[in-house]
Structures are given as structure tokens and as C-alpha cells.
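Okay, here's what each chain looks like letter by letter:
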Amino acid sequence: MITSSGTPGAPVVEVSNLRKSYGGRTVVDDVSFSVGEGEIFGILGPNGAGKTTTVESIEGLRVPDSGRIRIAGLDPVADHAAVTQVLGAQLQESRLQDKLTVREALELYSAFYPNPADWRVLVERLGLTDRLDARFGKLSGGQQQRLFIALALIGNPRVVVLDELTTGLDPRARRDTWEVVEDVRARGVTVLLVTHFMEEAQRLCDRIALIDQGKITALDTPQGLISQASGSTIISFTPSAPLDDTDLATLPALASVEHKDDRLILRGTDDTVTAVLSLLARHRITAHQLRVTDATLDDAFLDLTGAHR
Amino acid sequence: MSTAVQTAPERHATPYAAVLRTEARLFRREPGALFWVVAFPQLLLIILGSIPSFRKPDDGLGGLRLIDLYVPVLVLIALVMIGLQTMPTVITGYRERGILRRMSTTPVKPSALLGAQFGLNGAAALVSALICLTIGRLAFDVALPRQAFGYALALLLTAAAALSLGALVTALARTAKVAQAIGTGIFFPSMFCAGLWIPVKAMPDLMAHIVVLTPFGAAASALDQAFAGAWPSWSHLGVLAGWAVVLSAAAARWFRWE
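For the record, the sequence lines run as chains R and G.
The opening residue of the first sequence carries number 1 in the UniProt record's numbering; numbering runs sequentially from there.
The opening residue of the second sequence carries number 1 in the UniProt record's numbering; numbering runs sequentially from there.
Derived from the structure by calculation, the hints contain no laboratory data.
Every residue gets a Cβ at the ideal spot worked out from N, C-alpha and C, and that includes glycine.
Be aware that one or more of the hints could be misleading.
Below, computed lysine-lysine pairings styled on DSSO-like, alpha-carbon distance capped at 27 Å [stated by the list, open to error]:
#, chain 1, residue 1, chain 2, residue 2
1, G, K177, G, K109
2, G, K177, G, K56
3, R, K99, G, K56
4, G, K177, R, K99
5, G, K177, R, K138
6, R, K138, R, K99
Label-pair restraints from in silico Cβ distances [as the list claims (entries may be wrong)]:
#, chain 1, residue 1, chain 2, residue 2, range
7, G, W254, R, S256, 51 to 61 Å
8, R, D75, G, S111, 13 to 23 Å
9, R, Y22, G, T175, 18 to 28 Å
10, R, G127, G, A17, 22 to 32 Å
11, G, W257, R, N115, 22 to 32 Å
12, R, T238, G, T175, 22 to 32 Å
13, R, S16, G, A17, 34 to 44 Å
14, G, A139, R, G127, 49 to 59 Å
Please put together the full structure from these sequences, using the hints given.
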């Protein structure tokens, strides 16, 4: 599944036909995508879908069974040393030594790179300046994640992988972290974002690969994914008189009909909306409290992964 | 590069020096671990030395006092403690917390961290040994090793064997808790072999023959010989070196980075 549209720059991450299995269980099954320079690319899917295995292969932490990965033209396994210079990673469920201070961690990781970013500028941007002398164990969850983002950026990478960045954060810290990610991209760094939060993906990502059971089930912009799903538009109203189900069945692009008390909830497309309005007019029925809303990525996700079936 | 925040102005430490400095700092911040390494053996020495009967020459020991026999044993305790308790707990903790994995994504290999831990723990063990010898000499008039070079060599080999044993524990234990449990499990037999309860010299023949084939039994005997002024026997040194090689090879074979 090679991207056709919406790729802002030349691909900086290219994954083709990636496969990985553990003990006979296929975890990543023929995954292909490419990420343009400066893009925020989301990898979205339920727990255990193979998201982390995919990005760990990109980071060179896992050796794929087959397939090809290139980061800025480099192989993450064969050219691991060179890849570590262009790719920064924030890993899922990893910590630092509790007694290491923020400043010490930054100084240590700076020393790993030949041309590190100035960590003072990084912490300023990440709002950690007043926590420099705090030990890692004393930081809040949000502060720890911001420190990890700083460590991922300290080598001036072209690509940064953020895996489950906001899991375990409270809503406020989550939103703050989102701003940080947008800021990272604003500086031209390509972001690979692994998440299982729809809201996060919808808000941040330019494009999203939906992964389910090791396969990419859809790859598009958030808006594109929503409109790909059947029933991307939701029409709900309380009719002044009952509507005949056979009439409703004639509506174009209708995905589902639901009666909830005296409210009628229809899922379809923009075409459905127009048709409903003319149907109501023909029968001289008034639609009280008429609402037309777009489905969320949540709805699209459930539809596209077939998780509701 | 458009992405770059301006490069840090100051020159910076080499990666390995930075890792070593950081680990040394963290090492100093663990008073609990430090206590067992550089205070516990010394306290035990002072307590034993304060018991009058330990300071009486005993004809059964060839005119030596019990305290003379215990100084070398306590030196060994420090080494075993570090190898089996301190280091495995730290390194398995690093693995559990993903610190080794995080380092794998940087240009510096996580083996740098293991190297720093080996170096620091080895150094701490030797310092602890020196403190024991000094206290023995100054407080209880225990002679210093007469064959200093032989003693130093035996001490280095013992430290290597103890750290390799610890490395193997680290390799086999999945979590820091398990590492601690295994470490404690091996600790007591090791202490027995080192002669904490019965000095190796005072063990029955058959037992002594078996004990000198274990790393810490061989260590105790080699250290004793050097203490008494002889060059430690090559068979003891060979047993120690053999253990160090086999244990570290096994550790390298089974070590898991995550």
C-alpha cells in the first residue's frame, strides 16, 4: 500500500512487505507504508495489533522475518549505528534510573551524539526547565514523557518514533503532550506516532495506518478514513409522525437505521442527508431536534477493523 | 538541517566517560547497596575483633588468632556480596526498566553500561578489601599479606570470578526480584566455601578438597597462602581463572537485553 497523495516530502521512512512472527504466531503480516519528510504519521490499532513490533523493527530493535525497511535510505539492522543518528525513539513502557536527575539524563544522552541539540533549548520548549534538578522518580507521568521526548530529540534526528506517548497520562497532560508533538513537527522532524487513542490520532496525524491483527486495514488521512467508513454521517431527529421503514430503506447510501425511544438515528453519507430531507418534506413530517454530525475516527475505526461485528 | 536546534556550544565528554560518570553517581546514591559493600564486612570485622576470645592466640591454629583467619574471609565476603547481590540487582533493574533497550536506539551500545557496572563494582570490591585489611592491621594488629603481589593477583581473579557469577545470575534472572532471590540462594553456600563458618584450613580433608574447587573456596585458599607469605598455588589461581572464564562465557551466551 504505497501512498499516493498527501505525502508532503520525499519518503524518509519506507516499509515494504514487513513480516514478523513469534513462535508461529504472525504478529506483523505484510505491512507496507512510507512516511514523507515532515509528516506526522499515525499507526493506530487495538492492543496486540502489531503496532509496537512494527516500530521496533523500524528502530532496529527487532529483526524482521522478511520485508524491507529504510530510514533515510538506511537499513535499521545492517546500518544500525547510522540509523541511530537519524532516528530518535521514545519507547513504550520504559523508564530511567529513579535517582538520575533530568539534567544528568540530558547531559548523558547528549554525550552519545556527535552533534547533539542544545538540551537547554529542548527543555525550555518542553517546559522542563524548572525540573532540571529533579530526579526521574519524582517527575509526574507527563514530565517523564516530556523528558523522553527530549531524549528522543537530543541527537537532532530526522525521524522520531513516539510509542504510546500519552498512555497513562491524565487528559490535561495528554493535551499538553499533543502540543509538544505538533511543535516537534513544526521544526521539520518527521513523527511516527503509535497510539490506540482515536482522538489523539485524529487531532495530530496527517495520515494514519490502521493496523489490525498484523495487517494494514486502511491507510488515509483521518478525514479520508472517516469518509471511507460506511455511515460516516449521522442524522438524528425526532419525527412528528412515524416514518415507514420501507420508505427509509429506499434512502441512498444508508448504512444503518436505529430507533431510540422516539428518535430516529440514520447513518449514511451526505447523499443520505439530502434524501432524508426530501422524504420528510414529501410526507410533511417535521424533524424535531434535527442533528447532522460527522462520525468520529472512533466510528470509522470500528467499522474498518470490523471490531463491532 | 532544518530540524536542528542549534548545536550545543560546549564540547562534551566521550560517551563512555559519560556513562561511567553517570553510573558512578548513581552508585553513590544507593546508600543501602553501599552499606553492604563498604560498611557491612568492616562492621563485622570490628565486632568479631572486639570479642576477646577472637584475639587470643590458639595453639590449634598454629599460634594464630581467630581474627587473623577472619580478615581474609571478610575480604572475600565483600567481593561475593558485590558480585551476587549488588551488581545483578542493578543490571536486571536496568533491563526491566528498558534502560538497555533505550540505549540500543542511541549510537552508544548498551554494553557500555554493563562495562561501567563491572568496572565500578570491581573497584568498589577492591576498595572494600583494602579497608578490611587496613582496619585489621590498625585495630587488631593483623599482619598484612606477606606476598603482596600474589595476594593482589588472587584478589583480582576473585573479583573477576565473583562479578562473572553475578553476570550469570543477571543473565538467567528475568527480573530484579528473581536476581535477588538467586543471588541470596548462592550467597550462603558461597560464604560457606569462603570459610565464614569454618575457615577452609580447619575443614575436614574431604570437604576441603571439594571446597577448593568452588570459586570462593579456591579464592579463600589462594588468599590464605599469599597472606602467609607464599605464592598462591597455581591450581587455586587456575580454578579461579577457569570459573571466571566459564561463568562470563555462560553469561554472555544467555544474556538478554530485554
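Handout entry: Cβ separation of G127(R) and A17(G), checked against the hinted range 22 to 32 Å
Key = holds (30 Å)
Exercise for the section: For the range 13 to 23 Å, tell me whether the beta carbons of D75(R) and S111(G) fit it or not. Expected result: Check passed, 21 Å falls within 13 to 23 Å.
Problem - Cβ separation of W257(G) and N115(R), checked against the hinted range 22 to 32 Å - result: Cβ of W257(G) to Cβ of N115(R): about 27 Å, so the range 22 to 32 Å holds.
Handout entry: Pairwise hint evaluation, K56(G) against K99(R), where the allowed Cα distance is 27 Å at most
Key = Not OK: K99(R) and K56(G) at ~47 Å, beyond 27 Å, violated.
Problem - Restraint status (C-alpha distance of K177(G) to K109(G) at most 27 Å) - result: holds (25 Å)
Problem - C-beta pair T238(R), T175(G): status relative to the range 22 to 32 Å that was hinted - result: At roughly 58 Å between Cβ atoms, T175(G) and T238(R) fall outside 22 to 32 Å, so the hint is violated.
Practice task
Assess, step by step, whether the Cα of K177(G) is no farther than 27 Å from the Cα of K99(R), and give holds or violated.
Solution key: Cα-Cα ~19 Å, so holds.
Exercise for the section: Go ahead and decide if the range 49 to 59 Å is satisfied by the Cβ distance of A139(G) to G127(R). Expected result: Since A139(G) and G127(R) have Cβ atoms about 55 Å apart, the given range 49 to 59 Å holds.
Problem - Pair hint outcome, K177(G) versus K138(R) [Cα-Cα no greater than 27 Å] - result: Holds - the C-alpha atoms of K138(R) and K177(G) are around 22 Å apart, at most 27 Å.
Exercise for the section: Note whether the CB distance of S16(R) and A17(G) lies within 34 to 44 Å or breaks it. Expected result: holds (41 Å)
Problem - Beta-carbon spacing of Y22(R) to T175(G) - inside the hinted bounds 18 to 28 Å or not - result: For Y22(R) and T175(G) the Cβ distance comes to about 20 Å; the hint holds.
Problem - Range agreement (Cβ of S256(R) with Cβ of W254(G), hint 51 to 61 Å) - result: holds (56 Å)
Hint compliance for this structure: hints 2, 3, 12 are broken, all remaining hints hold.
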